[in-house]
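S.K.: Now for the letters of each chain:
4 protein chains.
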Amino acid sequence: MSHVQQSLEIAYIGGGSRGWAWKLMADLALEPALTGRVRLYDIDQEAARLNERIGNRLSSRSDVKGKWHYETRTSLKDALEGVDVVIISIMPGTFKEMEVDVHAPEPFGIYQSVGDTTGPGGLFRALRTIPIYEEFAQAIKTWAPKAWVINYTNPMALCVRTLYEVFPEVKAFGCCHEVFGTQELLASMVVHEGLVQDPPQRREIHINVLGLNHCTWIDRASFRGVDLLPMYRRFAERHREEGFETGGERTWENDYFTSAHKVKFDLFLRFGLIAAAGDRHLAEFFPVSWYLKDPETVRSWKFSLTPVSWRVENQKSLEARARRLASGEEEVELAPSGEEGVLMLKAIAGVEETVSNVNLPNRGQIANLPPGTVVETNALFRYDSVQPVQAGALPSSLLGHLTRHVAQQETISRAGLERNWDLAFRAFLSDPLVAHLSPSEAERLFSLMREKLSPSMPGWE
Amino acid sequence: MSHVQQSLEIAYIGGGSRGWAWKLMADLALEPALTGRVRLYDIDQEAARLNERIGNRLSSRSDVKGKWHYETRTSLKDALEGVDVVIISIMPGTFKEMEVDVHAPEPFGIYQSVGDTTGPGGLFRALRTIPIYEEFAQAIKTWAPKAWVINYTNPMALCVRTLYEVFPEVKAFGCCHEVFGTQELLASMVVHEGLVQDPPQRREIHINVLGLNHCTWIDRASFRGVDLLPMYRRFAERHREEGFETGGERTWENDYFTSAHKVKFDLFLRFGLIAAAGDRHLAEFFPVSWYLKDPETVRSWKFSLTPVSWRVENQKSLEARARRLASGEEEVELAPSGEEGVLMLKAIAGVEETVSNVNLPNRGQIANLPPGTVVETNALFRYDSVQPVQAGALPSSLLGHLTRHVAQQETISRAGLERNWDLAFRAFLSDPLVAHLSPSEAERLFSLMREKLSPSMPGWE
Amino acid sequence: MSHVQQSLEIAYIGGGSRGWAWKLMADLALEPALTGRVRLYDIDQEAARLNERIGNRLSSRSDVKGKWHYETRTSLKDALEGVDVVIISIMPGTFKEMEVDVHAPEPFGIYQSVGDTTGPGGLFRALRTIPIYEEFAQAIKTWAPKAWVINYTNPMALCVRTLYEVFPEVKAFGCCHEVFGTQELLASMVVHEGLVQDPPQRREIHINVLGLNHCTWIDRASFRGVDLLPMYRRFAERHREEGFETGGERTWENDYFTSAHKVKFDLFLRFGLIAAAGDRHLAEFFPVSWYLKDPETVRSWKFSLTPVSWRVENQKSLEARARRLASGEEEVELAPSGEEGVLMLKAIAGVEETVSNVNLPNRGQIANLPPGTVVETNALFRYDSVQPVQAGALPSSLLGHLTRHVAQQETISRAGLERNWDLAFRAFLSDPLVAHLSPSEAERLFSLMREKLSPSMPGWE
Amino acid sequence: MSHVQQSLEIAYIGGGSRGWAWKLMADLALEPALTGRVRLYDIDQEAARLNERIGNRLSSRSDVKGKWHYETRTSLKDALEGVDVVIISIMPGTFKEMEVDVHAPEPFGIYQSVGDTTGPGGLFRALRTIPIYEEFAQAIKTWAPKAWVINYTNPMALCVRTLYEVFPEVKAFGCCHEVFGTQELLASMVVHEGLVQDPPQRREIHINVLGLNHCTWIDRASFRGVDLLPMYRRFAERHREEGFETGGERTWENDYFTSAHKVKFDLFLRFGLIAAAGDRHLAEFFPVSWYLKDPETVRSWKFSLTPVSWRVENQKSLEARARRLASGEEEVELAPSGEEGVLMLKAIAGVEETVSNVNLPNRGQIANLPPGTVVETNALFRYDSVQPVQAGALPSSLLGHLTRHVAQQETISRAGLERNWDLAFRAFLSDPLVAHLSPSEAERLFSLMREKLSPSMPGWE
Ligand SMILES: [Mg+2]
Ligand SMILES: [Mg+2]
Ligand SMILES: [Mg+2]
Ligand SMILES: [Mg+2]
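Chains as they are written, first to last, in the working numbering: chain X, 2 to 462; chain R, 2 to 462; chain U, 2 to 462; chain F, 2 to 462.
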């Protein structure tokens, strides 16, 4: 089948935080079937201009197959008008706020390993992100109502939900690579368990995905006609105590994003489904008594609490690298990121259909979660079309843990859209990570966070 | 409208625990529109025979309008064959088991104010009740498939659910008087707030009911064209700290079934809906950090933990009274019980339609709870017909607290029907009252309870 | 229970066609528990002023218990602002248009017995009514968003649906007396079959209602504890051939609104449910080959085609009577209309709860019709509250006949709101009364009607 | 990716009618990734034995890549026990019965172009097929409960539905090639309209499928990033009058299975969706006045009524060919059939995932058809997994035409399972092809068909 190259006009909102932008640039550069223009829009215009130079420099290289033109735009209107695709990957607020999100609750016995999705940190992050996404939704409705919108920002579910609440006809979905990590673990397992000698491609591990972003689950997994669940049971039982690491340079002790999968194994042995996210994300969805009681408990589960101070340092080194890449001192590495965004773009452009997992409002793809909740399942991507695959139902023993987060999603969404502090506190009080506090202690923590964070929350007074 | 008296054939299963049986006898005796026969069946045959004598002695009194003939039956078949109505009100197991249900978890920081509905006690009680109700359901299917079945036993939701799981065509519903207590509180309020001078009839307080038994809610209440919610807000705010008592002889300090409604007021001010059950029941549905942290916390909320030792003593005095009533030494008091069972029987028999709250599988009466869950709402009772009234939706801020119990209901139901200890433990671990324990502590408590209770659990080895 | 009289502010939209207005005036006059003001609004201001005089004259009579003040208003704003209740009973267009609705299709073999609900006539009537109701909905949203809205206009389902489509929070429902006629028939039956000697009150016949307005059904009926369905079966079988008439002065041969119930009996024997509308309405919902093949077939079923010429004459006599009533030459007869509007007002005002059948968007009250469809079932009326009662499901053998009308309702609603002639023709072509025409014949009839009617269709060019 | 060959054990039920069996044999022979055994079971044992010889002869050929062993089995138990896959492709009854199905209604003005899916013929065929499928379902439940079951028999929807009604856990789906024909038409169109020069592979035409088997629809179609709907609109408009034929040897005048697609074009221009079945099937789902008024009307639409006499003749020549193939006088032609059964087997065996359209009970894949109805949509096929893709909703203007068939499916299913003639007649009377008859004429035709057919209807007396 010989295709002409498909051409796309893309608006890239955000991306100033660099890492993600360069990965996307590399993936686009590696893909011969697509070409087009990327309009860069960031409230940090300087960052956008550096990315423009980096992107265009990359396109000029002879080893690049997918040629793209990068242009900075300074208004949402200019960025969006007439595009085919909108990619949103922003940092809502700064690390100063994230410092509060993550660390202010610690004196109250709430240790958040990430703090961007659920718990007190996830809640406040959502409250300041929703008004921003409201603005994006209105802008998309006005200037690019037919465009496909890909969200990478956290809190994923609430970002996607806001787009749909404000503009129900939006063609938006959310992408997250956490599930891929579990596929990688399964790919390691089939080698480790002697099923094959060479590690298979991650995408050869077929999985059925169902759940909420960062707390999603696999109830069927197979590889070349072999059911992987019985193997995973043996694997989890064997590694439950000590954990499992692939033996690369990155270990749970030197890398915040790595774990020994002990939480995953424990959850499998409790519920019978494979948890499909990093342990640091999963832990935040369960009672603090399980994995997050205190830093020692966390260490015993062989994963880490990611301090915001690390993020600050890391950002500095990315900024330095941005200048080197823009000046040509350093070259963008032409390696696939492992993300599936470009696969999806190819499918939507009509080049080649694909199946991948995404976050979308539930229309029955998960049979026992309510309609409208943004959920994560597989979807079939084709020309101008993203259709969820019916993923079936969650087992009731797991369901109760998820439905409380489902209700939270709805409450937080409404609290954010209405700028309603009362409702926000109701959500806060009902968060599993807060349940060990008496309501009056919870009120104290909430007030403290509100006081520190509300000055930088757009639209909240 | 002049009716002939309608005649009913009733099977009364259980009732040996006396109090309920005599109340029903009195209500039947007071109702001129009904007559018929009551077949008494109890595994404690002696108790049934005493009730037979008490009932027939009552019917012989000249001041009794509704004449009924009472007969002890010694097999389920004889009790059920051909009846119009089955009333079930049993004690699953003995106080010896209830002692374990309620008190074994205390050393683990779990103080249960009732222990018959949710929490570790409610779970184990359910596990031993479900097999008994399975047998009832099969017997009803065989001998009285068209009969109306009224359940009074706890755990209410799981008893009703078991009947429907085993025999989906069963015409069963569950009755509980907890909602009436909140109506009484509202009736007191309208006097206390000066709306009327004389306390109105409880049934004049019109309410919309939605929730799960013992954790059910009122989102609309009115009295003679006055919306009671704004008044209740003021009332709850004023009495939040000190509570409210009607000033009768029974106070929260001398009666286990009385409270100062502080939990109810607190829940209203948190969620905006009127909780419609006794505080002792409501408290068990929320994190232990809220109302049940320890006995002191419970006292500060002005309600009590009901010790099983009290139940044992109380039962002894009821037994003595049974002998006096049977011998004629004492007379049954001809006073309305305040229950609505006889109103419902009248409606089902075609005498007079009524609206009351009942427990039934959800068929949409609560818009945002899943189908099949046994929920509590109003229903319209008419000749051979009980139709739920559409109650609307629960607010999302409250929903998450209820949906975890919804999932528990499903898991426990399946665990009980399959006699599945693994599933039972999954439910145990996911119970809000257990959330402060680490999974391994939870396992320890579960094993301890299982060891003590399994010998007397029919069908579990 | 002693109530103070509740006071209501009512907007009455329309009513110039007189009959309905006077019935409501009489019902209000007979009810001691209510009082208040009725604001009359009609595009025929002269008619409104006559009604104002008639109403106030009535209120001045000493035999009137419910005193109301009537006032003509000349703008929707003045009529609606701040009212508690809006009653809408309009004639969409004039008899000139209705002449086309009903009679233009006759040369094509389409004989419509009423022509205001379904078929070509119902469709065009809907297309011109929807824009009017759009305006009403906007006006209610602006000036009386909390008011209860009672609709009496046909096509009932599409009027109510339009209100909800335009203003989803509207508190509207639709009332129609057709079901009462079937209750009356059942009341006659119980006398005729010897169950009682004196005809019972219509409301003593308890029924479960489910269906679409004018094609609604009773699947359970009882009277004083007797199931009426077996009796109705015998009754229908016995009277299938000859029909049944109560023997009053009105017969199917001298009164267009009377029938011998042969269609009703035939439908019962075909489907097993009691059709609950006049035969003239029911016939229009089935293939023309059943009851409406030609005027002879209609006569053989013992009901009549209502010619519009009769309506014109009747209107003239009503106008003459209006003048007599306004001048005092004639007095309004103080007899209950048999309608339940005032019962409903009493319930909504908090005087006394009631159960009656109404038209409301489906929220599950009919289990196997889709959400949003305006359906007819019982509802519980209480203070500021109308809650559908769960009516169960329609049998599949009947369902297909109704679901085509369900789809029509949605298509016509959208056609009307979008002023979309293409969609309107799709609905026309899919109407059961049109099915015997080839698509090209159907197009010919549609064009002809469109040409005649579009000049007087507001908002359509 | 190098796979080992996956091995399957297949039960093939039926197949004596030959054509389908040989196509499957050829497809299996052409596929290198699969091997295994096919157990042949047919009530015509002689036919099975001939197929056994034909299949094994084929496997012995050196040009065959997929080697299969064929074995005749003489009991359902022996055929089913332990298999991985069951393929069912039977002829319910004989052509003698089909003669009545198709031609008995003609004197009543009912001309059925196929008569195996809907209409009087489809109904009676269903009534005699359901008991057979009940037996299959029981046998599968007993001997092969984990096997995948592929149905090819008509009436497709009712065959699949019966399997699920009797054994709800069955892993069954139904395959039909009608959709492929419309894909072929679109493939021809893109050449004809000059988009490409060489006809593309059918599977390159990506479509979204939603509807009922033989009356299913395409609302999105694309080819290499081009939306095909605007092109199809022009194409349909241009060819509406004269039709479109690809110009091969087969024309609508010499081949019963070929048409000029005029019905398809007409339906598109009426409803805006592409009908995805042969015109002969589609025509049967609409009022007779549209395409089937009489043989002349049918001719004007350029398709044919398939007479059963042709089927009888055709069968004879197939039998003769069977003998030649078994004896080696003739060789099976090794050409792909165009069916997707083997693609699906490969996916289920874990070789390669695929997306294809299938018939399955609705679990929300079509948003506005009721749950449980067997519907046709795309599904994702993977190892031991068939998951419907969410297809969206049907437009309301088309919905009414389909929902009447949805209701019919349910009524006929129940009539068949209960052997209930009354219910069967209710379905008959409600069939669109019968609507032009008065109920008494309909009764006459029904009785006549029942009389002729009931002697050969298993389980009906
Ligand atoms: Mg993520
Ligand atoms: Mg209770
Ligand atoms: Mg009406
Ligand atoms: Mg087919």
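Read the hints as simulated data drawn from the structure, not as lab findings. Hints should not be assumed to be uniformly reliable.
The list makes no distinction among identical chains, and a pair is therefore deemed to hold if it is satisfied within one copy or across any two copies.
When the alpha-carbon atoms are kept at most 35 angstroms apart in a straight line, the in silico DSBU-like pairs for lysine-lysine are as follows [to be verified]:
#, residue 1, residue 2
1, K172, K142
2, K147, K303
3, K172, K303
4, K68, K78
5, K142, K78
6, K68, K294
7, K97, K66
8, K453, K294
9, K453, K68
10, K66, K303
11, K78, K24
12, K172, K78
13, K147, K317
This structure is a prediction, so every number in the text was calculated from the model and none was measured.
S.K.: Go through the copies and call it for K147 and K317: within, between, both or neither, with a Cα cutoff of 35 angstroms.
M.R.: Neither, since 37 angstroms and 57 angstroms both go past 35 angstroms.
S.K.: Go through the copies and call it for K172 and K78: within, between, both or neither, with a Cα cutoff of 35 angstroms.
M.R.: Result: close within a single copy only, 18 angstroms intra versus 40 angstroms inter.
S.K.: Between copies, within a copy, both or neither: which fits K142 and K78 at Cα up to 35 angstroms?
M.R.: Cα proximity of K142 and K78: in one copy and across copies (11 angstroms, 33 angstroms).
S.K.: At 35 angstroms max between alpha carbons, let me know whether K68 reaches K78 within a copy, between copies, both or neither.
M.R.: For K68 and K78, the Cα distance is within 35 angstroms only inside one copy (25 angstroms; across copies 62 angstroms).
S.K.: Could you figure out if K68 and K294 sit no more than 35 angstroms apart (CA to CA) within one copy, between two copies, both or neither?
M.R.: neither (50 angstroms within a copy, 60 angstroms between copies)
S.K.: Have a look at K97 and K66 and pick one of within, between, both or neither, based on CA distance no larger than 35 angstroms.
M.R.: For K97 and K66, the Cα distance exceeds 35 angstroms both inside one copy (40 angstroms) and across copies (66 angstroms).
S.K.: Which holds for K172 with K142 at a C-alpha limit of 35 angstroms: within a copy, between copies, both or neither?
M.R.: For K172 and K142, both the intra-copy (10 angstroms) and inter-copy (31 angstroms) Cα distances are at most 35 angstroms.
S.K.: Have a look at K172 and K303 and pick one of within, between, both or neither, based on CA distance no larger than 35 angstroms.
M.R.: neither (39 angstroms within a copy, 41 angstroms between copies)
S.K.: Quick one: K66 to K303, C-alpha cut-off 35 angstroms, is that within a copy, between copies, both, or neither?
M.R.: Classified as neither; 41 angstroms inside a copy, 51 angstroms across copies.
S.K.: Is it within, between, both or neither when you check K147 against K303 at 35 angstroms Cα-Cα?
M.R.: Answer is neither: 45 angstroms inside a copy and 40 angstroms across each miss the 35 angstroms cutoff.
S.K.: Between the shortest in-copy and the shortest cross-copy C-alpha distance, which are at most 35 angstroms for K453 and K294: within, between, both, or neither?
M.R.: Cα proximity of K453 and K294: in one copy and across copies (25 angstroms, 30 angstroms).
S.K.: I want to check one pair: K453 and K68. Are their C-alpha atoms no more than 35 angstroms apart within a copy, between two copies, both, or neither?
M.R.: Neither. Shortest intra-copy (45 angstroms) and inter-copy (61 angstroms) distances fail the 35 angstroms Cα cut-off.
Comparing the model with each numbered hint stated earlier shows that hints 2, 3, 6, 7, 9, 10 and 13 do not hold.
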